[in-house]
Each structure stands twice: as structure tokens, then as C-alpha cells.
Amino acid sequence: MKVILAQISPCLGDVRQNLDRHLHFIEKAAKKKAGLIVFPELSLTGYTLMDMVQEVGLKPAQDATFKPLKILSRKTDIVLGFVEEKEKGVFYNSSAYLSGGRIVHIHRKVFLPTYGLFEEGKFFAQGKNFETFPTRFGRAGLMICRDFLSYGAGYLLFAGGADLIIVTSAAPGRGVSLREEFATSHMWELMGEAISFFSTSFVLYCNRVGFEDGKAFAGGSFVFNPKGKLLVRASSIDEELVSVDLDLEEIGAARKKWPYKRDDKPEIILQALQRIVRKYED
Amino acid sequence: MKISAAFVEKVLCAFIRQELARFSYRRAIVGLSGGLDSSVCAFLAAKAIGPKNVIGMILPYGISFGEDVRDAQSLARRLGLRSHVIDISPMVDAYFSRYPTQDRVRIGNKMARERMSILYDFSAREKALILGTSNKTELLIGYGTIHGDMACAINPLGDLYKTQIKKLAAHLGVPAKILKKKPTAGLWPGQTDEGELGLNYSEIDQILFQLIDERKAKKDVIAAGFDSEAVEKIVNLIKNSEFKRKMPPIAKLSSRTVGHDFLYPYDRNR
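So the protein sequences, as listed, match chains H and C. For what it's worth, numbering that gives the first Met the number 0 labels the leading residue of the first sequence as 0, then goes sequentially. For what it's worth, numbering that gives the first Met the number 0 labels the leading residue of the second sequence as 0, then goes sequentially.
Everything labelled a hint here was simulated from the structure, so no lab data went into it. You can trust all of the hints, since none of them are fake.
Per label pair, the in silico range of CB-to-CB distance:
hint	chain 1	residue 1	chain 2	residue 2	range
1	H	Ser234	C	Ala169	22 to 30 Å
2	C	Val104	H	Phe117	37 to 45 Å
3	H	Ser234	C	Ala223	34 to 42 Å
Built from N, CA and C at the ideal position, the CB exists for glycine as well.
Let the hints inform the model, and build the full structure from the sequences given.
In C-alpha cells, the structure reads:
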């Protein structure tokens with residue numbers, strides 16, 4: 000199965016232009032016989048939207064923007080990011096999985112970073128769930144950027160039976176050192192390696208590049224296989240279509256060797272969590 | 000504090016290139032003083048968009064800074080930039096002949112704003128965006144003239160301390176003569192930043208790094224061995240220059256106000 004990570008730089012607030020670029024890259028992916036193409040977080044709108052959130056919100060069930068995307072998803076599965084107006088006047092930072100001409104799953108970002116240079120909690124409603132769903136390549140689960148840095152969220156997708164963990168991101172680079180990348184780039188790969196190894200799943204991470212108001216989005220999109228091996232990593236600065244072949248047999252092979260999946264104890268974790276939550280409610 | 004100059008160069012060149020392109024500009028303007036920051040900025044711009052698209056503006060006050068003018072001119076020649084030399088003394092003198100003063104800071108600030116005014120006129124004349132050269136050290140301690148040398152369209156250097164810019168300069172191949180110069184705001188002949196501040200840049204930058212990047216409290220920085228007077232002085236400089244880093248506050252009356260809750264990015268629809 001060929002996967003393409005579209006490490007692009009969306010135009011801030013211009014859905015029309017971004018849609019055209021999506022269609023262009025999806026057609027390119029189809030020509031390369033890719034099964035799946037993944038775009039970054041908020042790929043249809045850009046990231047630093049602020050008050051524009053209310054102007055670019057889409058209702059995917061009826062919005063015309065999704066029509067050509069649904070059509071192209073008959074050939075190539077698509078993961079993309081957009082602002083979703085789920086209820087009137089309530090906006091989510093969402094990602095969608097499209098396949099077979101329809102939207103199969105929508106994930107609404109749960110962890111909205113609101114500190115330092117991040118202001119998502121000011122503009123978006125908070126998603127409330129991490130769910131897996133069936134695809135033609137196995138069960139998949141979606142996370143958006145900061146979601147991925149919560150190992151609880153990664154665990155939920157693992158417990159939900161994910162074979163593919165797909166992370167869309169708009170992560171700005173922060174911190175320069177003697178390394179040829181931003182200090183924060185390592186953080187994402189660290190999680191990618193850990194989650195892929197301990198969940199024995201593929202982890203696909205698609206970050207964006209480009210600048211918004213001086214923030215440099217740090218690219219570095221990657222794929223880890225279910226044994227925690229890095230298969231590919233994109234540049235930190237440039238737009239890139241990263242192509243990688245996944246051997247889906249590796250999921251079973253990894254789980255034979257490392258029975259984390261077999262030995263998982265969600266009911267014990269649930270009970271323990273309930274006890275913890277009860278305690279701090281007292 | 001240590002940086003990979005090669006990586007920083009790549010990021011900053013991409014920033015200059017992309018920011019110009021998104022506002023449909025091909026050209027950039029840099030005010031060249033003959034000093035370190037503006038030379039680094041010119042090098043980056045020349046690499047990012049090609050030297051023919053960079054306009055170097057050399058804006059001396061009379062002949063008092065002859066050597067700096069020659070250094071700036073030789074840098075522009077070396078990089079292959081288009082450059083203009085404009086003597087700002089007639090404009091500045093015309094004003095101070097009516098409102099005379101001996102206050103060197105007032106005179107220096109007026110010169111910085113005269114240069115700004117010319118840069119912005121050339122920005123319109125040449126359809127070029129102004130690249131700022133205020134570094135992180137200056138921005139934090141407020142060592143710059145508001146609406147003067149701090150004014151620009153985009154600033155590639157504002158998140159690098161002076162000592163980091165020196166590293167970047169060496170990597171880019173900025174001439175040794177400029178690297179070795181004592182940093183000066185050019186407020187008056189013989190003025191040096193370190194002389195005026197009473198601290199050297201290496202000391203200032205290390206203290207700033209502890210306070211700002213490492214988010215350490217003043218007392219912890221002093222406990223770590225930094226001179227308490229220097230730390231105290233720097234903390235006060237930061238506090239007292241907040242107004243230079245912000246747009247002026249607008250008295251809020253309505254339900255949606257510019258600067259308060261009318262919130263759009265700089266790069267809106269770009």
C-alpha cells in the first residue's frame with residue numbers, strides 16, 4: 000500500500016485556492032497509485048485563522064467544497080484538515096477521512112493548545128472523543144497535532160484497535176541549537192517511535208511547512224512502522240510529497256513478536272482512571 | 000545559545016522569500032549602516048531573492064560616518080546589490096535649526112526617523128518591502144528608536160541575540176572588518192552600544208537568555224553567578240521598554256475593537 004504525505008504550506012484563509020491544490024495533489028497521488036494521501040492540520044484553511052475561523056467554517060455533509068474531494072476519494076483515500084461548523088456558530092478544528100466517495104470519519108481536535116503562541120481554545124470548540132474506524136487498509140484512528148502529545152490519546156486509539164494511527168499537524172518549530180532542525184522536531188519523532196512500537200501500529204505524521212505571521216511550521220513529516228522503525232522523514236522547511244510503501248503484513252508480524260495488543264488490560268486502566276477521577280472530585 | 004548557522008540561514012532565507020512572495024513583492028530594501036546586523040540582513044536577502052532584487056540604502060548624516068559609508072558601499076558592491084547614498088543632514092539640520100538642542104539622544108532619534116521616512120518612501124518608489132534589522136537583544140532591552148530603526152515590514156533578525164548574529168555573520172562570510180567593529184547605534188560619532196549601556200553584549204545576551212528563554216526568576220539568575228547590578232539593570236530595561244514592542248493601546252468603547260477583539264493575522268488571506 001502506497002501512502003503519500005502532502006507536506007504543503009496552505010494559503011491562510013483561502014479555502015478555494017487550498018482546495019485546488021488539494022485536488023491537484025490527490026490526482027497526482029492517484030497517478031502514482033497511492034492508496035492514501037494525508038494532508039496537514041487545517042490544510043483547507045491554514046492555521047493562524049483567529050477571527051477568520053467563523054468565515055471559513057464548513058458543513059461537510061452539504062458543503063460544495065467536499066464534493067470534488069468525495070469524488071476523488073473513490074480512487075484514493077484522503078485525510079485532510081478543515082474548520083467544521085458542526086452546529087450553527089460552533090466551530091471545531093477537525094480532520095476527515097474520505098474513502099469510496101464519502102466521509103468515513105471526522106475527528107474533532109480534543110487538546111486545543113492555548114498557551115504561549117497558541118490560541119486555539121479562544122476560537123475552537125473542544126472535541127470529545129478518540130475513535131477508530133474501519134478502512135480498506137485496517138482500522139485507523141485520527142489525531143490532530145497536540146492530541147498526539149497526549150499518550151492517553153495514543154493509548155485510546157491502540158485500545159480501540161488501530162492498525163494505522165494518522166496524525167495531521169501544524170506544528171511550528173521552536174528552539175534553535177547546533178542541530179540542523181528545530182528543537183521541537185525531536186519531540187514529535189520521539190512520540191512517533193514510542194507510539195508505533197508500543198501500539199504495534201503504523202504511525203503516519205503529516206506536518207505542514209511555510210510561515211504564518213513569522214511562525215515557521217517545521218515539517219519533518221514521518222512514518223514509523225509497527226516495530227518502531229522510521230521509514231521516511233521529510234525536510235524541515237520545504238514543501239514535499241513524501242511517498243512510502245507500507246507492508247501491512249508488518250502489523251501482524253510485530254504483534255506476534257511483541258504481544259502488547261494481546262496483553263492490554265483496558266478494563267483495569269478504566270477502573271484505575273475512575274478511581275483517580277473520583278479522588279480529585281472529592 | 001549556540002546555533003546551527005546553516006539551519007538558521009535556511010529558515011530565514013525561506014522566511015524572506017515566502018513573505019515577499021505572499022504580498023506579491025519581488026524586491027526588498029535594507030538600510031545599510033556598515034555594521035553587523037544590516038550586513039547580515041543584506042547577505043540573507045541577497046541569498047533569498049538574488050542580489051539584483053535587494054536595494055541597499057546608505058543614509059549617513061553628513062560626513063561624520065565616512066568609514067561606515069565606505070564599508071556599506073563595499074559590502075553592497077561585493078554582494079552586487081543596487082545601492083543609494085542619501086545624506087540626511089539637510090533634513091535633520093533644517094529641523095534643528097528651528098528647534099535647537101544639545102540632547103544627543105533627541106538628535107540621534109530624529110536621524111533614525113529621518114532614515115525610516117526615506118526607507119518607506121523608497122519602499123513605495125521601488126515596490127520593495129523593508130527588511131528590519133532589530134535583533135532580539137535590542138528588542139528586549141528597548142535599545143532602538145520607536146518608529147525609527149525599529150520600523151519595518153518584516154524582521155528576519157528579531158529572534159536572534161547579538162552574539163548569535165555574529166555567529167551567523169561569520170558563517171555567511173560577512174567581511175572580517177565588519178565582524179570586528181564595535182556595535183554602534185550611530186547616534187553620534189564614537190558612540191558604542193556597549194559603552195552607552197555599560198555592559199557588553201556577551202554578558203547581556205547570557206543574562207537575557209536565562210531570563211527570557213529559560214524563564215528564570217531574577218534571583219535565580221543572580222544566584223547562578225551573574226552580576227546582580229547587571230541583572231537588575233537588564234530587568235528594568237526590559238520592563239521600561241514594553242511600549243516599543245506593542246501597538247499603542249486603543250481606548251475600548253465598542254463591542255469589537257481594533258487591537259482588542261478584532262483579531263486577524265498579519266498574513267490574512269495570503
